[in-house]
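Asks: Sequence:
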Amino acid sequence: MQVVNLIDEVNKNSELYVYKKIGLLNEHVLSVVQVENRTLDFHVHEHSDKLFYVIEGSFYLETEEQKMKVNALTKFLMIELSGTLNKENSGDLYED
1 MQVVNLIDEV NKNSELYVYK KIGLLNEHVL SVVQVENRTL DFHVHEHSDK
51 LFYVIEGSFY LETEEQKMKV NALTKFLMIE LSGTLNKENS GDLYED
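Residues 1 to 96 in full-length UniProt numbering are what the sequence shown spells out, letter by letter.
The hints are simulated quantities; they were obtained by calculation from the structure and are not laboratory data.
The structure presented is a predicted model; accordingly, all values stated were derived computationally and were not measured.
There are no misleading hints in this set.
Pairs of lysine-lysine, DSSO-like flavour, derived with a Cα cap of 30 Å:
hint, residue 1, residue 2
1, K69, K21
2, K69, K12
3, K67, K21
4, K20, K67
5, K20, K69
Label pairs and their computed distance ranges (CB to CB):
hint, residue 1, residue 2, range
6, Q2, K67, 32 to 42 Å
7, M1, N37, 29 to 39 Å
8, H28, N71, 19 to 29 Å
9, V35, N5, 18 to 28 Å
10, K12, E65, 29 to 39 Å
11, N5, F52, 14 to 24 Å
The C-beta atom is built at its ideal place from N, Cα and C for all residues, glycine as well.
Taking the hints into account, I'd like the entire structure generated from these sequences.
Replies: This is the structure in structure tokens:
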């Protein structure tokens with residue numbers, strides 16, 4: 001078992017839009033990323049989901065039905081299998 005401070009992990013990486021892996025949960029990758037002025041456009045993950053948990057600030061997330069604002073200390077659930085990268089929202093950047 002490992003205790004991870006999410007803010008410390010985010011602060012270790014000063015680059016925007018670079019996903020940093022912080023752990024695994026049942027073959028699902030847990031990662032943190034810093035974003036700024038970004039809306040995640042609607043796209044499909046056929047074999048996975050994602051979980052977005054906003055630590056501070058907010059961002060917009062677009063689904064098939066709507067575009068919604070996700071605020072700090074709230075979440076949007078989409079859990080993704082290990083190895084599933086999404087070019088549209090990672091800019092091809094993924095760091096272990």
